[in-house]
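A.B. asks: Working from the sequences, and respecting the hints, build out all of it.
Chains as they are written, first to last, in my numbering: chain A, 1 to 311; chain B, 1001 to 1423.
Hints were generated in silico from the structure; no laboratory data involved. Mixed in with the good hints, there may be bad ones.
Once the Cα atoms are required to be at most 20 Å apart in a straight line, the calculated SDA-like pairs of lysine to any residue come out as [claimed, not checked]:
| # | chain 1 | residue 1 | chain 2 | residue 2 |
| --- | --- | --- | --- | --- |
| 1 | A | LYS255 | B | ARG1170 |
| 2 | B | LYS1337 | A | ALA137 |
| 3 | A | LYS47 | B | PHE1417 |
| 4 | A | LYS292 | A | ARG26 |
| 5 | B | LYS1242 | B | LYS1256 |
| 6 | B | LYS1392 | B | GLN1403 |
| 7 | B | LYS1337 | A | GLN130 |
| 8 | A | LYS96 | B | PHE1417 |
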Amino acid sequence: MLSLGVQTKNIVEDTNPAEGFSMMKRAGFSCADFSLNYYLTNTSLYKQELNKFFDQSEEELEQYFAPHVRGAKEAGIKIHQMHMPYPLYIPGGKQKLNQYLQEVVAPKSLKVCEVFQCPYMVVHGFKLAQHLGSEEAEWQQTEELLHSILPMAKEKGIILCIENLYTGTGGHIVEGTCCNARKAAERIDRINQQYGTEVLGFCLDTGHANLVGLDFEDFIIRLGKRLKVLHVHDNDGIGDLHQIPFTFTKTRENKVSTDWDGFLRGLRAIEFDQVLSFETAPVLSAFPVELKEDALRLIARVGEYFIERIK
Amino acid sequence: MNIICSPTGMLNPSCPNSSVMDLKNAGFENILLDLAMCCSPYELEHYGEPKQEEEERDRTPITEDLSGIALFFEKMYKACSTYHLSLPIAHAPFLMRDTKRTDLTELLYEIHTECIRFCGKLGCHKLIIPPLFSGLSYGEEWEANRNYYLRLAKTAQKENVMILLENQCRSVSGHLMRGVCSDPVAAAEWVDVLNQETKAPLFGFCMDVGVCNLCGQDMHEFAAVLGSRIKAVILRDCDGHKESALLPFTCVHGGKPQTDWLGLFRGLREAGFDGDLILSMEDTAIGFSPLLRPQLLALAKAVVEYFKWQIEIENLLKKYQSIVLFGAGNMCRNYMKCYGEQYPPLFTCDNNPKAWGTTFYGLEVKPPESLKQLPKDCGIFICNIYYREIEKQLLEMGIAREQIAYFNDEYMPSFYFDRLKEV
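C.D. replies: Below you can see the structure in the form of structure tokens.
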């Protein structure tokens, strides 16, 4: 059954996670996308800076997140999906750092996922095509990484989801890893067959797709049931802004410039029955704190409208 | 590979001599026959609308009199003949990306048929006809276009004109997204099926680089998938958001290009592209004063020649019986990574005496003097950005100019993750 979710960043605080989850519930959400990636951010990783968060033992991590698990449960919020820290490989980075990311951060992230009884973990593929010379060579590296964590994911009943990403040149965003729905479908099927069960799925990021002009309808239909997780957000087609759908227009007619109709037609066509999860944390830091809950309610209302349209 | 310049933005068909002369003087041998000059997207958009009384027309629109195409281009054709410029490929009229007209398919058919006939008469053997898109929903595009192109095929066959499909973007309230034929797998299937159904190689593909860039597409993948079906490439720069046709390498931000030229080079090399490379720089041409046009066109010619050179870089390596490199730094290292196995150099040389006698990525480093003993069919590839300075040095040493070639590692098949800091 279709339900509504939103990412925890800028809502759920470590100091009082229960309050954040309650706010989500009040706003109209029943699910959450737990932003595990904000415990080890990409901005610091690209600077080759590593914090000590994942140095904690599995037991310590379980203890650390116990109030979050409790808070979510009390509020009636299900952790539907989680985002693994990224990148898991830094081109030209120190070998020790890359090893740590893949051998410590990735498996411990799965442990946290299990603690939350979360069924889906989003994993970013590597961005290596420019160096390695082709998307195929890039995927081989991503697949190697996946194979290093898929057995553990399978054991814990977690489905890893690859996500459509972008890269850029001169400030212009162009397609990156996993932007080819045909290839993604073939790869997911092949790997799932290899593991004898569903261990890999897809996470469609609508903002990333919009930035590189993907046809939502075609992309979603090609993925079909492999599409497990969504990152719903909007942008101006230029920057990865993570805003509320229907925010952007480009002409004097002031009609929405993101193809939300195509998105909804696609989801309807594949009978999508998972969670419409919004990845809209920047909205909540942009609005004054006094309007935070109102902004969250608007996001939920947009989600309700989407559900009505999909049905 | 044919180098072709689109004259749009710099040539007035009713007064073409000066521009044709400029193009010829810049070294261009071929120009694009842009049939949209005689029937613009704007004109099509307003087809059939009642004319204002005060509206004056200097000619009958082509949409009302198709026979006017020949007359419209008569002077341009004569000027091209005078200056020995060829018109090997044409682009047919097309609708605006955000057209509201869904009723023009039959009119387009008549125009496109007439364009094919006109191309046939001129001996212009390729015509780019963009696919239909207006009013078509997801899933309807193929059948509508299949029928459309097959209807045109008969005339194309008779006139010996190959029809090239072209990748499109579509406008979602001003935001340009991937449109018809922007999926290379589907586009390749379309071309193949059309050729199978007509039992002749009547159809090919024209890759519009600007459209790929506007849609943020992986151009390596795009070109590689379409492969030998790509008969023409429209080469233009833009910022990836606004529809424009700029001279390549001019759309730059933060010192980096806003078009993924690396992906394009890799893709066209993989596709073995050897067709028509069409430079389209309408906006740049309009932006520059006509006073600067000769200089601008000379630069444009150099730019498009550079593209040809990069795409065909392996042909240059094949040209010589043996190869020697000049330079023992990052460029030499990159050569060895990507081409060392297939085109192994005899050795490399360097001006740094400390490097002589050492080995660099499997190559012996020798002093430049050793180049004097090389056979005449051995190419000396300068692997150092100080090209002209080293070339001068080699020429002063008595090395024949034909033996000297430039290598370039800006657009390599793959890269190291690091660069050597000190060599």
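A.B. asks: Hints first: check each against the structure and report whether it holds.
C.D. replies: Taking the hints in turn, this is what the structure says about them:
| no. | hint | result |
| --- | --- | --- |
| 1 | LYS255(A) / ARG1170(B) | holds, 15 Å |
| 2 | LYS1337(B) / ALA137(A) | holds, 16 Å |
| 3 | LYS47(A) / PHE1417(B) | holds, 16 Å |
| 4 | LYS292(A) / ARG26(A) | holds, 12 Å |
| 5 | LYS1242(B) / LYS1256(B) | holds, 18 Å |
| 6 | LYS1392(B) / GLN1403(B) | holds, 13 Å |
| 7 | LYS1337(B) / GLN130(A) | holds, 15 Å |
| 8 | LYS96(A) / PHE1417(B) | holds, 16 Å |
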